[in-house]
Amino acid sequence: MRIRALGVAAAATVAFGATACGGSAPTSSAAPSSSAPSAGASATADKGSGKLVIWADPNRTKALKPFADQFGTENGVTVEVKEISKDNQQTFLTASQQGSGPDITVGAHDWIGNLVQNGAIDPVNLTEEQKAAFSPIALKAVTFNGQVYGAPYAMENVALIRNTKLAPDAPATFDDVIAKGKELKKAGKVKEVLCLPVTAKGDAYHVYPLFSSAGGAIFGTTSAGDPDPKQVLVGSKESQAAFEKLATIGEKGDAALKTSLTNENSIPTFAGGKCAFLVSGPWAMADVKKSGVAYDITAVPAFKDGKPATPFVGVQAFFVASKGASKTLAQEFVTNYVTNADVAKALYDADPRPPALTAALDAVKAADPDAGKFIEAGAGGIPMPAIPEMSAIWEPFGIAEAAVVKGSDPVKAAESAQKTIDGSLKN
Amino acid sequence: MSLDVREAAEVTTPPRPRRELTTAFVVSRIAVLAVAAAILLYAVPPLVAAESWISLTLLLVASAVIGYLYLTRRFVPAKYLVPGTVFLIAFQVFPVLYTVSTAFTNFGDGHRGDKAAAISAIETGSVRQAPGSPEYGLSAALKGDSLVFLLVDPKTKQVQEGSPDGLAAVQGARLGVTGKVLEAPGYTVLKAPEAAARAKQIAELAVPTQGGLIKANGLSRAVEGRATLTYDAVCDCVKGGGDTWTADESQGYFVNAKGEHLAQGWQVNVGFANFARVLTDPTLSAHFLGMFTWNMAFALLSVLTTFALGMGVALALHHPKMRGTRFYRIALILPYAMPAFAMLLVWRDLFNRDFGLINQLFGLDVDWMGGMVSAKFAVILVNLWLGFPYMFLVTTGALQAIPRELTEAASIDGAPPWYAFRKVTLPLLLVALTPLLISSFAFNFNNYNAIALTTDGGPFPAESPTVGGTDLLISYTVRLAFGTGSAQFGLAATMSVFIFAIVATISAITFRRTRKQEDVYA
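Quick mapping for you: the protein sequence lines, in order, are chains L and S. Just so we're aligned: the first sequence equals residues 29 to 455 in this note's numbering. Just so we're aligned: the second sequence equals residues 781 to 1302 in this note's numbering.
Bear in mind the hints are in silico, worked out from the structure with no lab data behind them. Hints are not guaranteed to be accurate.
What the hints assert, rightly or not - When the alpha-carbon atoms are kept at most 25 Å apart in a straight line, the in silico SDA-like pairs for lysine to any residue are as follows:
#1 L/K114 x S/L1260
#2 L/K217 x S/L1141
#3 S/K1019 x L/S251
#4 S/K1156 x S/A1013
#5 S/K935 x L/N368
#6 S/K980 x L/K114
#7 L/K447 x S/L1069
#8 S/K960 x L/K114
#9 L/K447 x S/L1260
#10 S/K895 x L/N368
#11 L/K440 x S/H1067
#12 S/K980 x S/L927
Unchecked claim - Which residues of chain S face chain L? A partial, calculated answer using Cβ under 8 Å:
#13 R892
#14 A896
#15 G905
#16 R1001
No residue lacks a Cβ here, since even glycine has one placed at the ideal position from N, Cα and C.
Isolated chain S (complex conformation) (with noise of 0.2 Å):
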């Protein structure tokens, strides 16, 4: 009721003015929409031979919205809202939900694909020469307009015609010194270039022997030949060499009376069991504690240390005597600029034992990477070295908007510095870097470079080759969803679901607790 009334009511009050048209305004307009119809055109057509249909429905939609949204004068606030929410949801929401439902199946190798493309695998990994049959020579060539065959038996240089209907005697055919044909009387043999163009109709013809099928081996020669395997749609199962696997659609497998499958699988549902294996396997609830024990710890201490060494040197530099700041400013950024993944590998090999920088120049004989302590140490030393010049930064930052004043003011009241620092400064700069200080937190509790390139997880225990003593559950999870080949994606998602959940849940407390802060000091 009371829209109807405003709605009225607006049509007796006068035409807004028209807005000013900037170039700004022309210029965003045509880049949201030129974007909307550049990925409409660009995704189309392969969306369409991929048949998948939903996709191109949600595209459809949202490039309607779009352009809709843009080419009205209504609206505003959405105009401005709308692409970042579409980024939001491609590259945000949309990946986090396809992780999640990942981690309900058995996605990975052995399971990458769909049952169909399992059973044509496995038919056609199955085929074997019939034994005895001969290698033809092969010549494409048209009868008619149909494709066939001209096969050459090497050793008798008779000529058949193959074509679905079977195998045909060809009289009067003139072959070539290498044995292919050169020209038969009914026929147009195709020559390479031609033969090359119509390569998937050769690869389709399949020739009705009473051994198998003869098929084309590429362009110049057939092979006759005979699935070993076959599949059953009336039992859903794979017979053959005297056995039977049949479809098992909770593992994804053909399996047999003996409880062993076929090589190929595919993906199915596996429900919650990926999370039970995450909370079931022995490995991993027998060192969880540890595990997660140093992963706090690494995620504090990166912190903690960082913001301390970067903090303690913007202080430094921030005191009105200090001279040749600018220089000191260039050389701290230095690592931070560097790119991380060289400097990580270079540090590695800096604390090598025989061969390190490290040992060299200090004289020392400690196999860094090697102890359970030394490799924790030295893997938060090269943390520190990459993280402080960030810290720096922010803090450099954040020290500019405190008035000098108020550290003035302690000190004409009688504060020693120390004490104006630890009561005005930090709180005030706390007030400002603590949402970093989180952020910092989760990014480094996930920070799997760090790890990966200096440690890889090491140093390894006898007794627990999966775990070892700088693992950060992060590590841990590749590791055990990657190992060193073959790849388990359900299980690595269903490891980023835990790992999501408990930085969330650390992250969302402190946040809670940084408000009630904010409060005090604001």
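Bound-form chain L, shown alone (with noise of 0.2 Å):
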């Protein structure tokens, strides 16, 4: 009797301690208001809450703290960064949904389409002026349907990053870094002919700028000069000859694709002197530049006669969450604060991505010539399209790209990733 009594009293406890870890989290800042110390004598009988809360992912926690403390000090609130580790969007997603979410987050701009179709962000007004002092892409990147939803502050995309003490000369096609890689692995100089990550599933975002070379494309244009996501292009008669294209540089050709290369593995390899070329972004020169390699970026070349390599340029952004309690707050914050080159700077010494705001990038430029190079790799680059239709395209795309990579038809790949897109986007 009494060893099973404390039994129970053991297993309550238990069960207690679960329920409590489980739900902590909507409550703390579900009512933030109670907590947040009244600012000013007028603010007592007022129930607008004094807090601004800010999610971003880990890298960026640090930066942000101290410009986030400055805000508050300087408009008598209090605000807490807080660090999000996994998932951003769909814990951003779940969160705002049953009203526990954060009044800014801070990600990627392709977010866009799908937190708008959620209703979890706002559009963020900037005046022409704050519009006119960020890179053009960067602003084209977080406009969806007319409308900008985020303010950019960080811009990335992949170029290629030589190994200057194997290939000394910057190529002009991408034939001549296939010809290069091969001539220095067949001296035993490499062990890969080319770093770029396929992986066993694909990689459509590391090999677009090859992909689009050989003329393939994945969305059409509409008037205004978005993606079309009534126009699927995958299994297009260009992208059908673009696929046959990565399979001739795939395995059964000339090994420069592969797909036992990773993004695990990528970067370690070139890091380590095994690869001479490496497809990589801003995020691989931490690595790179540990390894004492020497190096060069460079964009991504065009094959021969082919069009160019646009790649992909992704941008950071920060938006105001649509269900947060301090909306007014988060707008200041976002549309007037952020907007400074300051900030800009202090999260590119973070984590050193290329800042979206033309006077913070000159700042940086002068200091690490890095950051220049990778922008003018992503000149003649796309917008990473934003709308959701685009969540249905990466998995089949990709499947295609390491199906042809590893030598199945182009032709039938193309097809198959079509139908399946189309199938997807029909639902």
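Fit chain to chain and form the complex, with the hints in mind.
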């Protein structure tokens, strides 16, 4: 009897502990007004909340903190920067839907379509002057349905990073890249012709410059110049030809593209000097610099007689949550505060991705030429499509890519991908 | 009638002796009541704020029942049953019911909220700045007790008062260098912290103009804008831009004559549409048999291989002549003690054709994760490595319970060891372990991690980009429902209901057969 009673007590305590842990997140932010210090004498009577909650990923949390605190002091409010380490977009959506989300979230511009269709973010009104301060491509990226939905602060795109000791000259065409890579491999100086992550399931983002240079396309364009979800071109004749081109440099051809190259091993392989060329973005530079490899950054070159190799440009932005408790403060922070060049510079120092503000970029370029080189490499790029329909593209496209790289029939792969995409977009 | 008689009889019996008041008894009672009270205190304010009266009533009733049960001396069995039952309902029954009810909706990205939220998102998202209108410098101020905007035209430096009644000129205002209003006769200009404290009111204030509305954009700027799309309750439609989008309650979208819909939708009941979609999905029906067969094979082989290896090792260590068993046991538990998530990723990289340890160690050039057969072999191998320590543990436990005399007796009777094992030890083991084997089968049938973190369903043939060679029903479901970015919770719930039905049927049949087997051996 005694033992059993103790067991019940223990079980109850454990279960209570579990529920308390599981449920603590919503309440802590659901009732911010009660704990917020009342600012100013007249504030006591108001129900207005003097608290701003910002969600960011681990890289940016630290950089944002001092600026958030400064904003807080200037406006007499508390600003909390909360680190969200995984699935930021879905976490934000779920939380804002149940009313426990932040006032501001930091994320990639290609979230916009999905966040808008879920009514999770509000437009951001930038003045003409503020708009002019951004690089045009960054501004275009955060514009969705003719409306600006976020304040951009950093840009990223892939470029060709070259080991200058192994390959001193910048290649003019991608055929040169492959020729040089094969030559070095034959001479036993490198292990791989090219380090471009393909992975077993394909990687549409990294391969896109090559795909576009070979004539392929994902969407047609609307009259406004935006990607048109009604015209999926993954299975078009041009895209079939582009997949064919990928097949010729794949495992059964030049072996420049290989499914065994993944996001985990491609950067270390280049940093280890076992690969003369790496197609990657600014996030690779920390490892590359640490390894001491002599390098240079240029745009991914086009194929000989091919179209321009256009990389996808991704833009990091601040979004105002439409269900946030302090929307006015959030608008103030996003439109009038983080559009400041100093903030952009500080975020760059914490996580070196080129700033979206031209003034901040100029300042950064002077200190770190790599940032300027990446921007130059992305000059011909296109913003990653932000329309929600893009989520139906990534996986079928990637699988088609991996299949042709392994030697499957490009026409069949392109057609199956198109069929899958059409099927999921119809629903 | 008989009840009355018994109660009457009980009255005459002497009162039962008081139960002993042990520490455990007091602690358990306080604990349960404290938990109930804590949950009550914790959950009531948010529930009231959200106006979910049904949940609130349920919570109050449950707490009242718990309080009543534990404050009286009666209902002794219920005292033990209630906490478990409450948690069973909260964490098992409710999620199942919720999953089933979600299966009938279109809940997912684009359909997360209700219609009112969709309308407000459509209207807010369509606000465009009125052409030619200035971006006003904004100072929030109090006129008497009511909040007003002091709007400064950046070009003319003219100051106007903005209130819900419209715009009015302000005379004699003093401006700062940055163009903000420092003071104005008749107004109390709010300083930044004061304005921040009234942020909500500032956001709500709208100044009507001919071009639309002037609304605050942060604390220091205001913009005149107009919603280009507006909802009309009369026709239940959204109008604007020369088009009309009518609400379609069957799909939860505003649809125009061309069949296009606005981005923002809402959650609606779609009946059996998700079930129909699962059953008629051409990729699924074309590949279902193959995927189901592999799913069965994966679950069966995972159980059989892990059990065979685990039992073999357990038998070896159980042998009386075995030395250093403690060391071996620790070494064998290691795979089980490691987090499976990390181990699965490590194994994925070990199997990489060009960079993986396995090919380099054995001098092979096998594309493990890229071949239909080799990928299947690889995932089963990985699952064996992760799973056999568990089987080893449970077999060791069950072996301790089998008296050694039985096998000794068999060997005295002249039975060879293999025969004794097959006829004596194994049947006794199976009686004890079959339920565990069945649950292991059910677990592996839905072992999403083992697939998602190693092959992620691959290799994918060019002809079928959605169904991979090692896809289980569950990993296929996750891909179908969540793709790479967008979530379709309704469809995922439907697939879960199907998978639940399959697993439940298989388990029910096997348990029934096991009971017969127990009759034979018991």
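Tested hints:
1. For the proposed pair L/K114 and S/L1260, the alpha carbon gap of about 21 Å is at most 25 Å, so the pair holds.
2. For the hint linking L/K217 to S/L1141, the alpha-carbon distance of about 22 Å falls within 25 Å, and the restraint holds.
3. Distance restraint check for S/K1019 and L/S251: the Cα-Cα separation of roughly 22 Å lies within the 25 Å cut-off, and the hinted pair is therefore satisfied.
4. With a C-alpha separation of about 57 Å, the suggested pairing of S/K1156 with S/A1013 is violated against the 25 Å cut-off.
5. Our distance criterion of 25 Å between C-alpha atoms is met by S/K935 and L/N368, whose separation comes to about 22 Å.
6. About 31 Å separates the Cα atoms of S/K980 and L/K114, which puts this hinted pair outside 25 Å; it is violated.
7. In summary, the hint linking L/K447 to S/L1069 is supported, as the alpha carbons are separated by about 21 Å, within the 25 Å threshold.
8. Annotation: proposed proximity of S/K960 to L/K114 is violated, straight-line Cα distance about 42 Å (limit 25 Å).
9. Pair hint L/K447 plus S/L1260 holds up; C-alpha atoms about 14 Å apart against a cutoff of 25 Å.
10. Distance check on the hinted pair: S/K895 and L/N368 sit about 37 Å apart at the alpha-carbon level, beyond 25 Å; violated.
11. Proximity of L/K440 to S/H1067 is assessed by CA-CA distance (about 18 Å); at most 25 Å being required, the pair is judged to hold.
12. The straight-line distance between the Cα atoms of S/K980 and S/L927 is roughly 11 Å, inside the 25 Å bound, and the hint therefore holds.
13. Because the smallest distance between the Cβ of S/R892 and any Cβ of chain L comes to about 5 Å, under 8 Å, the interface hint for this residue holds.
14. Interface hint at S/A896: violated, since its Cβ lies 10 Å from the closest Cβ of chain L, which is beyond the 8 Å cut-off.
15. Satisfaction of the interface hint for S/G905 is found here, the shortest Cβ-Cβ separation to chain L being roughly 6 Å, below the 8 Å cut-off.
16. Restraint check, S/R1001 versus chain L: the minimum CB separation of about 7 Å is within 8 Å; hint holds.
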